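Trainee: In the order they appear, the protein sequences are chains A and B.
Just remember that the working numbering sits 350 ahead of the position in the first sequence, which is counted from 1.
Just remember that the working numbering sits 350 ahead of the position in the second sequence, which is counted from 1.
Please keep in mind that the hints were generated in silico from the structure rather than gathered at the bench.
Keep in mind that a hint or two might mislead.
[What the hints assert, rightly or not] Derived contacts from chain B toward chain A, CB cut-off under 8 Å, selection only: (1) Arg376; (2) Asp463; (3) Leu464; (4) Asp513; (5) Gly667; (6) Ala668; (7) His685; (8) Leu686; (9) Leu704.
[Stated by the list, open to error] Label-pair ranges, simulated between beta-carbon atoms: (10) A:Ala389 <-> B:Arg412: 20 to 26 Å; (11) A:Arg412 <-> B:Arg412: 42 to 48 Å; (12) A:Gly573 <-> B:Asn426: 38 to 44 Å; (13) A:Ala561 <-> B:Pro386: 23 to 29 Å; (14) B:Ala690 <-> A:Thr549: 29 to 35 Å; (15) B:Arg672 <-> A:Asp533: 21 to 27 Å; (16) A:Gly548 <-> B:Arg672: 22 to 28 Å; (17) B:Lys705 <-> A:Ala522: 44 to 50 Å; (18) B:Ala389 <-> A:Ala449: 40 to 46 Å; (19) A:Ala449 <-> B:Asp405: 55 to 61 Å; (20) B:Ala389 <-> A:Thr549: 42 to 48 Å; (21) A:His562 <-> B:Asp405: 37 to 43 Å; (22) B:Gly681 <-> A:Gly548: 50 to 56 Å.
A quick note: this is a predicted structure, and the numbers were derived from the prediction, not measured.
Quick reminder that beta carbons are idealized off the backbone N, C-alpha and C, glycines included.
Protein chains: 2
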Amino acid sequence: MLAPGQTIGILGGGQLGRMMALAAARLGLKCHIYCPDAASPAFEVAATHTIAAYDDEAALARFADSVDVVTYEFENVPGETAAFLEARRPVRPGPKALAVSQDRLVEKRFIADLGIAVAPFAEVTGEATLESALARFKGRGVLKTRRFGYDGKGQVMLRSANDVVGALARIANAPAILEGLVDFEREVSIIVARGLDGTVEAFDLAWNTHAHHILDRTRVPAGVSPETEAEARRIGETIAAALDYVGVLAVELFLVRDGAGEHLVVNEIAPRVHNSGHWTEDACLVSQFEQHVRAVAGWPLGEPTRLADVEMENLVGADADRWAEIAAEPGARLHLYGKAESRPGRKMGHVNRLKLG
Amino acid sequence: MLAPGQTIGILGGGQLGRMMALAAARLGLKCHIYCPDAASPAFEVAATHTIAAYDDEAALARFADSVDVVTYEFENVPGETAAFLEARRPVRPGPKALAVSQDRLVEKRFIADLGIAVAPFAEVTGEATLESALARFKGRGVLKTRRFGYDGKGQVMLRSANDVVGALARIANAPAILEGLVDFEREVSIIVARGLDGTVEAFDLAWNTHAHHILDRTRVPAGVSPETEAEARRIGETIAAALDYVGVLAVELFLVRDGAGEHLVVNEIAPRVHNSGHWTEDACLVSQFEQHVRAVAGWPLGEPTRLADVEMENLVGADADRWAEIAAEPGARLHLYGKAESRPGRKMGHVNRLKLG
Numbered sequence: 351m352l353a354p355g356q357t358i359g360i361l362g363g364g365q366l367g368r369m370m371a372l373a374a375a376r377l378g379l380k381c382h383i384y385c386p387d388a389a390s391p392a393f394e395v396a397a398t399h400t401i402a403a404y405d406d407e408a409a410l411a412r413f414a415d416s417v418d419v420v421t422y423e424f425e426n427v428p429g430e431t432a433a434f435l436e437a438r439r440p441v442r443p444g445p446k447a448l449a450v451s452q453d454r455l456v457e458k459r460f461i462a463d464l465g466i467a468v469a470p471f472a473e474v475t476g477e478a479t480l481e482s483a484l485a486r487f488k489g490r491g492v493l494k495t496r497r498f499g500y501d502g503k504g505q506v507m508l509r510s511a512n513d514v515v516g517a518l519a520r521i522a523n524a525p526a527i528l529e530g531l532v533d534f535e536r537e538v539s540i541i542v543a544r545g546l547d548g549t550v551e552a553f554d555l556a557w558n559t560h561a562h563h564i565l566d567r568t569r570v571p572a573g574v575s576p577e578t579e580a581e582a583r584r585i586g587e588t589i590a591a592a593l594d595y596v597g598v599l600a601v602e603l604f605l606v607r608d609g610a611g612e613h614l615v616v617n618e619i620a621p622r623v624h625n626s627g628h629w630t631e632d633a634c635l636v637s638q639f640e641q642h643v644r645a646v647a648g649w650p651l652g653e654p655t656r657l658a659d660v661e662m663e664n665l666v667g668a669d670a671d672r673w674a675e676i677a678a679e680p681g682a683r684l685h686l687y688g689k690a691e692s693r694p695g696r697k698m699g700h701v702n703r704l705k706l707g
Numbered sequence: 351m352l353a354p355g356q357t358i359g360i361l362g363g364g365q366l367g368r369m370m371a372l373a374a375a376r377l378g379l380k381c382h383i384y385c386p387d388a389a390s391p392a393f394e395v396a397a398t399h400t401i402a403a404y405d406d407e408a409a410l411a412r413f414a415d416s417v418d419v420v421t422y423e424f425e426n427v428p429g430e431t432a433a434f435l436e437a438r439r440p441v442r443p444g445p446k447a448l449a450v451s452q453d454r455l456v457e458k459r460f461i462a463d464l465g466i467a468v469a470p471f472a473e474v475t476g477e478a479t480l481e482s483a484l485a486r487f488k489g490r491g492v493l494k495t496r497r498f499g500y501d502g503k504g505q506v507m508l509r510s511a512n513d514v515v516g517a518l519a520r521i522a523n524a525p526a527i528l529e530g531l532v533d534f535e536r537e538v539s540i541i542v543a544r545g546l547d548g549t550v551e552a553f554d555l556a557w558n559t560h561a562h563h564i565l566d567r568t569r570v571p572a573g574v575s576p577e578t579e580a581e582a583r584r585i586g587e588t589i590a591a592a593l594d595y596v597g598v599l600a601v602e603l604f605l606v607r608d609g610a611g612e613h614l615v616v617n618e619i620a621p622r623v624h625n626s627g628h629w630t631e632d633a634c635l636v637s638q639f640e641q642h643v644r645a646v647a648g649w650p651l652g653e654p655t656r657l658a659d660v661e662m663e664n665l666v667g668a669d670a671d672r673w674a675e676i677a678a679e680p681g682a683r684l685h686l687y688g689k690a691e692s693r694p695g696r697k698m699g700h701v702n703r704l705k706l707g
């Protein structure tokens with residue numbers, strides 16, 4: 351258990367690392383941010399930072415020596431980096447969470463093996479396997495690289511057998527999977543935290559809508575049945591336990607409605623705090639960032655009780671130019687990430703709008 | 351109006367500066383902390399810091415050049431420092447608030463001149479004036495230095511005419527006032543914010559109890575009549591307007607009950623965020639720290655709506671050793687200031703306990 355004054359090392363210096371560092375500071379814990387980008391938003395709110403590449407072993411060794419535990423804000427931490435650090439300090443969540451979530455094929459097999467429904471998927475090793483999988487998925491699917499994709503990058507939508515031509519070239523012939531399309535009613539996500547002692551706490555289920563493959567809005571409550579909400583929690587808890595997870599884990603799900611009622615199908619998992627959990631900062635007793643800090647520090651988890659209905663709006667690119675208008679909006683809780691440069695598609699901030707009775 | 355990415359300069363690097371910096375970071379504003387103490391808790395959560403004395407004009411000039419507005423976490427900013435900075439950058443709250451609040455005699459006259467009840471007071475220029483004032487206050491009163499006292503320092507309790515002997519020596523014969531004792535039922539405080547445009551927003555009235563001259567607990571609601579609550583707001587707004595104030599202002603009051611009902615008597619004011627406003631961090635839509643940041647940045651004020659009843663407990667000295675127990679307490683919101691060394695009487699953190707329906 352880290353004592354106040356001890357240090358959490360965070361790999362990655364973006365807005366997620368920044369919000370973790372702010373949560374840690376409130377609890378009297380220090381952060382050391384490690385990121386290759388000299389303009390990292392998290393540097394400004396952390397006690398210490400290191401600007402170095404993720405394969406710079408001298409810098410990694412100094413970093414490990416200066417911290418008491420290591421965590422990360424992104425799932426694409428190179429395996430060698432994680433292993434190097436793991437030999438020196440606890441890395442939480444552990445290597446299994448990274449190994450599983452860095453490979454879409456491994457991840458889907460892992461979840462399916464737990465008896466949890468996942469979107470239909472097939473391994474793609476070339477045009478032949480792509481064609482046969484697409485035929486199996488009734489001519490429609492999304493070709494995705496197995497590794498290192500996010501926010502719609504490294505993905506090709508296929509709508510007919512004709513689309514196979516050139517599709518693999520568009521993902522640079524990387525190892526891939528084809529995902530069948532799920533006829534979903536809405537996309538939801540569950541954010542769970544698992545402590546060092548195995549305790550799990552889940553936030554309320556959230557309903558997510560996207561624009562241009564980037565999260566646009568999150569609404570809570572998600573508007574599903576109590577049974578579906580309970581099922582989502584069970585899924586989150588099962589996955590976290592199976593990964594021997596420590597920290598905050600996000601599970602993105604499809605809500606499917608058919609004759610038999612509502613079902614949940616896992617889309618993907620993220621072994622970290624998640625954009626669809628930003629609403630917790632203002633609507634809950636404890637935020638996802640504080641929960642993550644508590645978990646990786648070995649502290650007891652907080653109470654994820656929700657105090658109000660809420661809608662989170664992402665401020666992407668020029669959306670953040672509306673900051674003055676949002677700042678003047680009654681009840682709107684504005685969050686800006688301190689990024690110097692606004693670019694199309696870049697997450698600049700978000701706003702939580704609480705619905706008070 | 352400061353835009354995101356611009357910088358607030360803060361004089362003082364203690365817990366108040368730290369919590370201001372955390373609030374500013376959430377809004378995408380940077381902070382530059384100026385403090386002579388190399389171990390300042392606020393340094394760790396701010397983009398920039400300067401370690402220099404408050405009379406180091408070269409350092410002050412560099413500081414002013416690097417920021418867009420200056421504010422402070424303590425009212426005892428030397429007048430010369432404020433004037434030096436004021437010539438270069440806006441200082442908010444302005445010099446009038448400092449001049450009034452740095453001198454107990456000036457402060458009490460200022461408030462009395464506004465037609466607001468203050469505790470009985472008399473200027474003390476030597477033993478003769480002290481004796482006559484004490485006689486007027488029926489033999490009981492508190493001798494206080496006019497300047498630079500806080501948390502019970504620079505104060506001598508007088509219970510009879512005999513106590514006059516040596517009393518002035520105990521405050522080093524500094525210019526002083528004698529305050530008559532007020533037979534109060536409870537101590538309360540009102541935290542108001544005044545924006546650059548003159549808008550005022552008040553938080554709910556808080557009830558404060560002290561231990562060893564240091565704030566121990568703050569409870570909200572304060573348990574007074576709606577009329578008293580409204581009167582407290584009116585007092586806060588009147589003082590803020592009269593000071594042409596920009597930022598958060600705390601007014602400490604005595605609640606007196608007599609045959610005619612409840613009355614409020616001003617004890618003292620603090621031109622800054624205040625320990626008795628820490629409950630706002632977890633119980634309100636916007637905290638006192640964010641309100642202060644908004645005001646000094648020229649932003650519109652936020653909504654100070656309270657979401658729950660709350661009790662704040664200060665963690666002073668060894669109280670903070672209970673951090674692990676408090677961290678495990680359901681619904682308790684722990685705040686630690688990152689101070690390396692715990693000393694008796696030193697404010698180490700606080701905890702807000704929300705009472706959810």
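Trainee: What hints, given by number in increasing order, does this structure fail?
Mentor: 2, 3, 4, 5, 6, 11, 12, 13, 15, 17, 20, 21, 22
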